[in-house]
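Protein sequence lines, in the order shown, are assigned to chains A and B.
The opening residue of the first sequence carries number 1 in our numbering; numbering runs sequentially from there.
The opening residue of the second sequence carries number 1001 in our numbering; numbering runs sequentially from there.
Be careful, since some hints might not be right.
Stated by the list, open to error - For each label pair, taking beta carbons as the anchor points, the in silico distance ranges come out as: (1) B:G1106 - A:F144: 44 to 54 Å; (2) B:F1100 - A:L191: 37 to 47 Å; (3) B:G1192 - A:L13: 31 to 41 Å; (4) B:A1227 - A:L253: 25 to 35 Å; (5) B:W1160 - A:L161: 51 to 61 Å.
As the list claims (entries may be wrong) - Examples of chain B residues lying across from chain A (beta carbon under 7 Å, computed): (6) L1168; (7) N1170; (8) L1171; (9) G1268; (10) G1307.
In short, the hints are calculated from the structure, not lab data.
Here a beta-carbon is modelled for each residue, glycine too, at the ideal position from N, C-alpha and C.
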Amino acid sequence: MRYVLRRLGLLVLTLWAAVTLNFVIPRLMPGSPTDAAIAKLAQNGPVTPAVQAAIEAQLGVPGGSWWNQYVDYLGNVLTLDFGVSYTFFPQQVSGLVAGALPWTLIMVGLVTVLAFVLGTLIGVGAAWRRGTWVDSLPTVGGSFLSAFPYFWTALLIVFFLGYVAGWFPTSGAYSATATPNLSWQFLGDALYHAALPAATILLTSLGGWILGMRNAMINTLGEDYVTFAEANGLRGRTVAVRYAARNAILPNLTGFGMALGGVVGGSLLVEQVFAYPGVGYLLYNAVTNQDFPLMQALFLMITVSVLVANFLVDILYGILDPRTRR
Amino acid sequence: MTRPSENSPGAAPDTGTALATTSPAATPSTTTPPAPPAPGRRTWLDTTAPGRALQVLGRAVATVWSNPKARAGLVILGVFVLMALLAPWLAPYDPHDDSFGRNEPGSAAHWLGTTGNGEDVLSQVIYGSRISLLVGLVAGGLSTVVAVVIGLSWGYLRGWGNDVVNFLVNLFLVMPGLPLMIIIAAYLQNGGLPMIILVVVITGWAWGARVLRSQTQSLRSRDFVTAAMFSGESAPRIIFREILPNMTSMIAGSFFGAATAAILSESGLSFLGLGDMATVSWGSMIFWAQNSMAILTGQWVLLFAPGLCIALLATAMTLVNFGVDGLSNPRLREGSGR
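Isolated chain B, as found in the complex (with noise of 0.2 Å):
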């Protein structure tokens, strides 16, 4: 995907604007000028000094933020993460609080209404972005870790290892997602949180695993690899400090396809009612909305409200995908000044 003259500092088109991964640490700190010009060379892995680190990390950010779909996504998810830390004081009552009346239409004391047991709508909502967040940042990168050193290994690496690695990867990958989620939730009946990051992570991991693989195995076959394997660097090292930086983006993009995965899985098994039933989720209130015929009396905020709510985070982070796909590729890049 990144082609060496891409990346390469001689080469870049567009100067001013955030070359972010890869050149900016390798124009000046490049003591033995490689033949073929070697992308992530020298990168923020390399940097000890952690303000160097902050700096090519804020070149990253600046990247995805030039991006207008980027920049809306990240913004959306901002407002949730928000919502989430400051729940308590932004919640007008206490979730679980079924004094008042029930099946109420929205007013001035409940904004978007009461649950079919008296709860109040509005707080819900606000509490349930706790445990979306919560599962996606947990399980999203989980899986992501595992799948970075799965995929990274079982693409560079050949033998017989590989087949016993291709045959672990396909097992995962084959099973099913939802139906083994909901096979192992009905096994362990109210599991609680853990179990469904656990369940999200088992069957969430090898897809990434794949990915991240077929990309290595192109990157294989580059230049710049061929020059470290000749040089004698470890098959470690060259795994994680020359293909790794050069994946940055892939990583990024897969550690957020995660973690939508996740979400969309926990709200899920939480509308089947599989899930842990007495914390409040966005998946739950839909579960007890559609149990409580909410359709049919006309509460439609009941299901609208919360499903809204995952469908915008789940888009918020596609949205920053598209500007993380920019950074180690620029052909994916927008706005770019030129």
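Same shape as in the complex, but just chain A (with noise of 0.2 Å):
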């Protein structure tokens, strides 16, 4: 109990940390992003006081009272108010982070699931047959696929089975014609539209799960209890899941918690190179347009998800390795 309190300590000083990172960030780079931002947010009308109040206290004023900003900040913050886009005038931020937030949660959050799974199992076998064909063939594979750059791999993918076969769709959530709903068809639709970027994440990070897994695999297997174990005539099935995989997932396991940590960044160049409608597509598009509301609040929305993430992890962890309790 008090190793849980004091990682929730810890989380609430971190978010503290994180979210005065965010106020910090902008105000330390050279130039005035404010000005930048009221004269970009003018082209789209006159701007009213109250809304030049607003970004002055999450971009920064030049010469102004940090501490009043911050206190404004922190309110805004902790009211989700985040003030109006500039490329989407005049939607809320908090409304197109919802809207992105569903597509990036579920394609990438479920592909991840699978990669550490599929991973982590063949790591396993890797191990276990070490020396065969069955362990050559996914670490150097695994290694290879792994190094490709993501945009790369997801353009050779887009320019192969979406141009030259045809086989699917090269951009995009769902067909033009399509309207989200919740009837079989467009499930359907989405699933297709989701299967090319799916394939590329998969692909790319599938090579380091199997790495990971296999090589703690490896260690644990030179352990004592395992020789033990073998020695004592336990069927090699049994010995592989039961003694030396159950330990040596271990480590693999922080890295699946702040992967799934990271699932609500998204995954930006594969989201931009396929034109899908999530997280990483937004804060790209948010980026390329210089629209600070926006970027603020995506950064801190994906650094708050991987601080719990991290924190959860801790917590299982504590659990299924006593160890590190202390």
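Since each chain sits alone in its own frame, please combine them into the complex, following the hints.
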């Protein structure tokens, strides 16, 4: 219990630091993001004093009091008020984020879980049959695939399966004629559009899980208790799964937790190539259009979700491996 | 990971084939035979003679070379290094020379064709290796140094300082790398290569520190560390002379990992159009190719060639890591003459 409380305290402290960091970054930058933002917003019509005050609270006033801005900013964050987007004027930032989140969560989230499960299983097999083709094929193939730049794999897949073969749609999350609803027809359409981005993420992330599990497993297989279990005449599969893999998976859980936290950030490069309307694509649009309110809100959200995931992994780790509790 | 018995001179099963870092130095010069066999007690850090250090380094390279995967990686890496060094002589044209026809297919004059701006693709690919290698070397090296110093101290020392470091590392770990890089790059328009390197280091060191810390924590409770503590050695000495040599392979591994990540980050930033667009790098080549709709015009070489180079370079680094893993962990060594 003390362990959990300590971690919880740390979480709160880190959350505060991340929020503060998000406040400090634009203010440390050369030039004035605020002026640029107001100039940009003025193109859409007159800027009211209220809007100007909101921007100044978010991005800083040159020469203004940091403390007052900070208090305003914290208030805005707590009420989830991130202001108005410049790119998609006059939509609220929070509304845009809420619209993009489900696409990312479902597509990237499912693929991440799938990649972890598959990669771990293959890694266990590779380590158990070390030195045979079961080992060398996935390790060499996996490390080659994970060395591919994400966006390049995506481009190749778009080119060959999208344009040349024409099997899959090359962009978007659903057909232009469809409207999002919960019918089977729409779900099928969405799945069809998610196939290529999902395949890209699976291909590029699988290798890391395979290698991580294989190496951890090889180390565990050398431990005395594994030799002892084998000497006791236990079946090979029992030794591999119940004795070795169970312990070898621990370090990989940390990575998995981080990856799950990262899901919220989406897969920026892949979403950009496929124009998939998720969080990553939204962030890309915000950055290329210098849409600072949207950028700040997305960055904060991504950071907070990674933080919370990290906290949960810490707790889980403490339960699974009592040695780390001290 | 490395149990004392594995590395101690007495229990070396594969004597002939290069027990690289630890035992060669340990056998002859140990003055006080320690009761528990202490791996890494006398290592390359202790050898004062440079000739000796070179010899040990040579053996380390030989160990890495003895792994077929790592050998392939070293060869590919070598080719890219030569390509970067000899770029002015190898490249047929200046990479910025846009006096040729636009979107030309491959020909005798332009083996890989020309870009939408009329530049020679092959020359750009050759010059692009310079940026990637530079970013990998500098950014990877810097983040490894930071990771080693922080990771080892953090794993060894206990007390309130531990919580402070834990807090800091967690903070850097949770800042999601790519989004943070992109945001800083968006504020610092045209910051150039130093900006990219700085951002890569800021976002890249924490992971290595965390990995090295957990290994330090597990080594910390080993007998040879306890012995060193009881013999009154100072904390920095125990950390950097007793524990660090046992982690040589992990540190080398984390360097290659960080360098790979740096190369991929640079290409990703350039691909999004956020890098230094004036320099020719593999990532910016793909950015321009996508901008000029190279896929639709059928000029897939424009996308394919630079991307393949990035993938090959990153793979080479990963392959080298297989051999590096075997440096201080004989269990991961392959073909060790048994």
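These are the hints, each one checked on the structure:
| no. | hint | verdict |
| --- | --- | --- |
| 1 | B:G1106 - A:F144: 44 to 54 Å | violated (26 Å) |
| 2 | B:F1100 - A:L191: 37 to 47 Å | holds (45 Å) |
| 3 | B:G1192 - A:L13: 31 to 41 Å | holds (35 Å) |
| 4 | B:A1227 - A:L253: 25 to 35 Å | holds (33 Å) |
| 5 | B:W1160 - A:L161: 51 to 61 Å | holds (55 Å) |
| 6 | L1168 | violated (9 Å) |
| 7 | N1170 | holds (6 Å) |
| 8 | L1171 | holds (5 Å) |
| 9 | G1268 | holds (6 Å) |
| 10 | G1307 | holds (3 Å) |
Hints 1, 6 from the earlier list are contradicted by this structure; the remaining hints agree with it.
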